[in-house]
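**Q** Please build the complete structure, drawing on both the sequences and the hints.
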Amino acid sequence: MPSREMLAGRSPQQQRTAERTTQQSKRATSDRPEDQVRLRVFRYDPGVEDKREPRFDEFVVPFEQGMTVLDALIHARDTFDPSLTFRHSCRQAICGSDAFFINGRQRLGCRTQIEGLSEPIQVEPLPHQDVIKDLVVEMEHFYDQMKAVNPYFQTEQKPDDALEEQRQRPENREKIKMSTRCIWCGACTSSCNIASGGNYLGPAAINTSYRFLMDEREGEEIKQQRLETMEEEQGVWRCQTQFSCTEVCPKDIPLTQHIQELKREGVKQSLKFW
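Counting from 6, one number per residue, gives the positions in the sequence shown under the numbering used here.
Simulated from the structure, these hints should not be mistaken for laboratory data. By construction, the Cβ of each residue, glycine as well, lies at the ideal position given by its N, Cα and C atoms. There may be inaccurate statements among the hints.
Computed beta-carbon distance windows for the label pairs [as the list claims (entries may be wrong)]:
{"#": "1", "residue 1": "Pro-87", "residue 2": "Ile-227", "range": "46 to 56 Å"}
{"#": "2", "residue 1": "Lys-182", "residue 2": "Pro-67", "range": "32 to 42 Å"}
{"#": "3", "residue 1": "Glu-39", "residue 2": "Glu-237", "range": "51 to 61 Å"}
{"#": "4", "residue 1": "Glu-169", "residue 2": "Glu-145", "range": "35 to 45 Å"}
{"#": "5", "residue 1": "Pro-164", "residue 2": "Val-53", "range": "57 to 67 Å"}
{"#": "6", "residue 1": "Thr-185", "residue 2": "Thr-90", "range": "25 to 35 Å"}
{"#": "7", "residue 1": "Gln-229", "residue 2": "Val-53", "range": "50 to 60 Å"}
{"#": "8", "residue 1": "Pro-67", "residue 2": "Glu-169", "range": "54 to 64 Å"}
{"#": "9", "residue 1": "Val-272", "residue 2": "Glu-179", "range": "21 to 31 Å"}
{"#": "10", "residue 1": "Ile-99", "residue 2": "Gln-173", "range": "21 to 31 Å"}
{"#": "11", "residue 1": "Glu-120", "residue 2": "Pro-164", "range": "48 to 58 Å"}
**A** This is the structure in structure tokens:
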């Protein structure tokens, strides 16, 4: 399946340049009436012959205070075009299913307020992902990356009493607190040029590994295995510290910081060996 960039016939660099130019033009010409909002939505349907050519459709929807981009998309779909396709679920920034490329930036549709955005509001599928239809992208590669780091808790010592909880010091909980907020939306990985089209684990998977590796309750053997995975060719050392993942994370996770901490852990492990 083609990515959004391939469908547009542009290189990633050309795409970013065009997006910046478009956004500058939108800011200069925005003249939305207060009671309506204009959407410019990416459309592509390989299953319908006359819709295989990518295009943008414009929708004008009623504006209400507090309206989100997801609200506007749902109105456009339910009122004007039921074939408009996109993912959404909880509408509370928890499920992570409605990550889109909105006005040149990875964002959650349910969390992005219409007010303050330049118009027409351009909504596209996540970059660097294969497009299935309209705003829906293939996420299997992303999920494979997450599964590769064993995203679940593994311990070696359990309390003697089956009803006793496994205790964690408050300071250790504070250390990993932000890393636990990941909702698997894929926005950070989409923003990472290194993660596009390669085997690099990507910021989301590395953050997940950080969450368990830094948990004091995790077993020592599995911690060592996690650290070895991070030290492999497609692990933390592929990160070029661009901060793009941190900038777009809808849950404000300091992803770049976590990646750097894992690099330091790897160096300390090497020093111990010598």
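**Q** Would you mind marking each hint as holding or not holding in the structure?
**A** Going through the hints against the structure:
1. Judged by the Cβ atoms, the range 46 to 56 Å given for Pro-87 and Ile-227 holds: they are separated by roughly 48 Å.
2. Between Lys-182 and Pro-67 the beta carbons are some 40 Å apart, a value that agrees with the proposed interval 32 to 42 Å.
3. In this structure the supplied range 51 to 61 Å holds for Glu-39 paired with Glu-237, their Cβ-Cβ distance being about 54 Å.
4. Take Glu-169 and Glu-145: their Cβ atoms lie about 39 Å apart, and the range 35 to 45 Å holds.
5. Pro-164 and Val-53 have their C-beta atoms about 58 Å apart, which keeps the hinted 57 to 67 Å range intact.
6. At roughly 31 Å, the beta-carbon separation of Thr-185 and Thr-90 lies within the given 25 to 35 Å, and the hint holds.
7. In this structure the supplied range 50 to 60 Å holds for Gln-229 paired with Val-53, their Cβ-Cβ distance being about 52 Å.
8. The hint said 54 to 64 Å for the Cβ distance between Pro-67 and Glu-169, and at roughly 56 Å that hint holds.
9. Hint check: Val-272 to Glu-179, Cβ distance near 24 Å, so the stated range 21 to 31 Å holds.
10. For Ile-99 and Gln-173, the Cβ-Cβ distance of about 23 Å falls inside the hinted range of 21 to 31 Å, so the restraint holds.
11. Roughly 51 Å separates the CB atoms of Glu-120 and Pro-164, a value that falls within the hinted 48 to 58 Å.
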